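Enquirer: Each chain, letter by letter, is given below.
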Amino acid sequence: MAALVLAEHNNSLLDEATAKAVTAATKVSTPVHVLVAGYDCRSAAEQASKLLRVEKILLSDDPRYANFLAEPMAELVLSLAGSYDAILAPATANGKNILPRVAATLDVPQISEILAAESSDIFLRPIYAGNAIQKVEAKGFKKVITVRVSAFAAAASGGAAAIESIPPAGDPGLSRFVDENLTRSERPELTAAKIVISGGRGLQSKDNFVLIERIADRLGAAIGASRAAVDAGFVPNDRQVGQTGKIVAPELYIAVGISGAIQHLAGMKDSKVIVAINKDESAPIFNVADFGLVADLFEALPEFERALQQS
Amino acid sequence: MKVLVPVKRVIDFNVAVRVKADRSGVDLANVKMSINPFDEIAVEEAVRLKEKGKASEIIAVTIGPAAAQETLRTALAMGADRGILVKHETELEPLGVAKILRAVCLEEQPGLVILGKQAIDDDCNQVGQMLAALLSWGQGTFAAKVEVHDGEVGVTREVDGGLQTVALKLPAVISTDLRLNEPRYASLPNIMKARKKPIAEKTAADYGVDAAPRLKVLEVREPEKRRSGMRLTSAAELVGKLRERGLI
Chain A
1 MAALVLAEHN
11 NSLLDEATAK
21 AVTAATKVST
31 PVHVLVAGYD
41 CRSAAEQASK
51 LLRVEKILLS
61 DDPRYANFLA
71 EPMAELVLSL
81 AGSYDAILAP
91 ATANGKNILP
101 RVAATLDVPQ
111 ISEILAAESS
121 DIFLRPIYAG
131 NAIQKVEAKG
141 FKKVITVRVS
151 AFAAAASGGA
161 AAIESIPPAG
171 DPGLSRFVDE
181 NLTRSERPEL
191 TAAKIVISGG
201 RGLQSKDNFV
211 LIERIADRLG
221 AAIGASRAAV
231 DAGFVPNDRQ
241 VGQTGKIVAP
251 ELYIAVGISG
261 AIQHLAGMKD
271 SKVIVAINKD
281 ESAPIFNVAD
291 FGLVADLFEA
301 LPEFERALQQ
311 S
Chain B
1 MKVLVPVKRV
11 IDFNVAVRVK
21 ADRSGVDLAN
31 VKMSINPFDE
41 IAVEEAVRLK
51 EKGKASEIIA
61 VTIGPAAAQE
71 TLRTALAMGA
81 DRGILVKHET
91 ELEPLGVAKI
101 LRAVCLEEQP
111 GLVILGKQAI
121 DDDCNQVGQM
131 LAALLSWGQG
141 TFAAKVEVHD
151 GEVGVTREVD
161 GGLQTVALKL
171 PAVISTDLRL
181 NEPRYASLPN
191 IMKARKKPIA
201 EKTAADYGVD
211 AAPRLKVLEV
221 REPEKRRSGM
231 RLTSAAELVG
241 KLRERGLI
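Chains A and B are the protein sequences, given in the same order.
The numbers in the numbering used here rise by one with no breaks, and the one at position 71 of the first sequence is 71.
The numbers in the numbering used here rise by one with no breaks, and the one at position 7 of the second sequence is 7.
Treat the hints loosely; a few may be bogus.
Calculated cross-link-like contacts (lysine to any residue; reagent style SDA-like; alpha-carbon spacing at most 25 Å) [stated by the list, open to error]:
1) B:Lys225 / A:Ser259
2) A:Lys272 / B:Arg18
3) B:Lys216 / A:Met1
4) A:Lys279 / B:Arg227
5) B:Lys2 / B:Arg195
6) A:Lys194 / B:Met230
7) A:Lys135 / B:Val17
8) B:Lys145 / A:Asp231
In silico negatives: residues of chain B with every beta carbon more than 12 Å from chain A [as the list claims (entries may be wrong)]:
9) Arg48
10) Glu107
11) Ala205
Quick list of simulated restraints, FRET-style, between CB atoms [as the list claims (entries may be wrong)]:
12) B:Glu182 / A:Pro172: 28 to 38 Å
13) A:Ala2 / B:Gln109: 39 to 49 Å
14) A:Arg214 / B:Lys225: 30 to 40 Å
15) B:Glu91 / A:Ser165: 40 to 50 Å
16) A:Ala116 / B:Thr90: 19 to 29 Å
The set of hints was computed from the structure by calculation and includes no laboratory data.
Computed from a predicted structure; not experimentally measured.
Each residue gets a CB set at the ideal place from its N, CA and C atoms; glycine is no exception.
Please work from the sequences and hints to get the whole structure.
Expert: So this is what it looks like as C-alpha cells:
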C-alpha cells in the first residue's frame with residue numbers, strides 16, 4: 001500500500017513540518033503521497049513536489065479548505081483513506097485538530113506525536129510531557145499518526161513528483177471560519193524558533209522582561225517564560241514553556257531566573273543546548289544545563305548584551 | 001442548555017513521575033493525584049457559562065477507578081451540578097473514552113461538551129476531536145475564548161502563530177487551552193455542598209460500549225538523562241562558549 005501525508009502550509013508556503021513528516025512516513029509505508037489541501041495553494045503543492053521520496057502530490061484546491069477547518073478537511077482525508085495503510089500529519093495545530101477526527105471515523109486509534117519508528121508498526125512516543133517514553137505496537141489496522149517534528153530530519157529537496165488535482169469532498173456544514181489574528185511579530189514562533197530565551201520569577205516584574213527582549217532581538221530568539229512568571233503576570237500565558245504550556249526543543253535554550261521546577265523542565269529538556277543563569281547555585285535548572293552561570297541576572301543580562309555587541 | 005464536562009484523574013502536575021523498574025508503566029502507587037489541569041479549565045468555563053445564564057445544568061463525567069470520584073467532587077465543588085462516574089479499572093485509549101462519552105451524550109443530550117485539550121499523563125490530545133467525529137458534531141479545539149450565541153458557539157482557537165475564530169453549530173465539542181480562563185479555588189462551603197451533590201455510577205457495559213485498547217504498549221522507559229555541564233564565571237565567557245559551538 002502507501003502512506004499519505006497531510007501537508008502543513010499557509011496556502012502559499014509549505015511549512016518545513018511537512019518535509020519532516022515525510023521522513024517519518026517513509027519508515028511506515030511507501031510510496032509516500034502528500035495531500036495539499038487549501039485554497040489558491042498550487043505554489044505550496046509545487047514546493048511539496050520537490051521533496052525527495054515523495055511519489056505524488058494530491059492537490060485539492062477549493063475555498064472550503066482555505067482555513068483548514070477540521071470538519072471538511074477530515075472528510076477529504078477520509079475520502080482518500082481507502083488507498084492508504086498509513087495516514088500521517090505533522091503534530092502542528094492543524095494536524096492535531098484534524099487527524100483524531102479521521103482516526104475515530106475509521107474506528108482506529110491514533111498514535112500521537114511519534115518520536116521514532118523502530119519498524120513499520122512499532123513507535124516511540126512521549127508521555128508525561130516527555131518524562132517517560134512509551135513504545136507501542138500498532139498491528140492489524142490502518143495507522144493514523146501525528147509526528148513530533150523536532151524528532152525527524154526534513155526530507156531533502158531535489159525531487160519532481162507529479163501533481164494530481166483532485167476534487168473536494170463534501171463539507172459537513174458544521175463550522176465556518178470567522179477570522180484570524182496571526183501574530184506579525186518580528187520574533188520567531190516559540191515552538192519553531194532555533195533559539196529560545198525564557199524568563200522566570202527571578203525577573204521580578206513585567207518591566208524587567210525588557211532585559212530578555214533586548215537579547216532576544218539581538219539573537220533572533222523567541223521569548224518564553226516559566227509558569228511562575230506567567231502566574232505573577234509578567235507575561236501572557238501563551239509564552240509559558242512547560243508541561244501545561246508549550247513544549248519546545250530549540251538548538252539553544254537560555255533559562256534566566258528560572259529555578260527549574262519539574263513543570264518547566266518537562267517543556268524544554270529536549271533542547272539541544274541549555275544555558276541557565278540563576279543566582280541560586282543549588283537551583284535544579286543547573287542539573288540539566290550544558291552551561292551554567294551563577295550570577296545576579298540584573299548584572300549578567302546587560303553584560304551578556306554587551307558581549308553580544310562585540311563581535 | 002446542558003453542558004457536559006468530562007474530567008480525568010491524573011498524577012498531579014507538580015509530581016515527578018517514576019517509571020516502574022519492570023518498564024510496564026509509570027508508578028501510580030502513593031502518588032498525589034489531581035484533576036487534569038486542562039479539564040479544570042473546562043469546568044471553570046462551564047461554570048462561567050452557567051453564571052452568564054447560557055448553561056442550565058453542568059454534568060461532570062469521569063471514567064476510571066472508584067477513586068476518580070474525588071476528581072468529580074473537585075468539579076462539583078467548583079460548580080458542576082451532578083456527576084457521572086463510569087467505573088473502569090483497566091487502561092483505556094482515547095478512542096475507547098470517546099466511545100463511552102458518545103454514549104453519555106446520546107443519553108444526556110448536552111448542547112455543549114467542554115473538555116481539556118489533552119490529559120497531562122498520556123498527552124494524546126485526541127478525545128475531544130474523536131468525540132466530535134463520532135457524534136458528527138463540529139469541534140472547537142484549543143479554545144482561548146468561547147461565546148455562546150443562539151444555536152451557535154464562537155470559539156477562538158490557539159493555532160500556530162496566533163488565533164483563529166470559528167463558529168460552530170450547536171451541539172458542539174470544545175477543547176480548552178491554557179489561555180481560556182483561570183480556574184477558581186473552591187470555597188470551603190462549596191466543598192461541603194459538593195459532598196451532597198449526586199453522582200451516578202455506571203460502567204462501559206451499561207452503555208453497550210467495547211472500549212478495549214487496540215495499541216499494545218510494549219514498554220515504558222525513562223528518557224535519556226541530561227547531565228549538568230560546565231559552570232562559567234561571566235556572561236562574556238558564556239557568549240564566547242556559545243560562539244565557539246556555533247550556536248549564536
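Enquirer: Check each numbered hint against the structure and report the violated ones by number, ascending.
Expert: Checked against the structure, no hint fails, so every one of them is satisfied.
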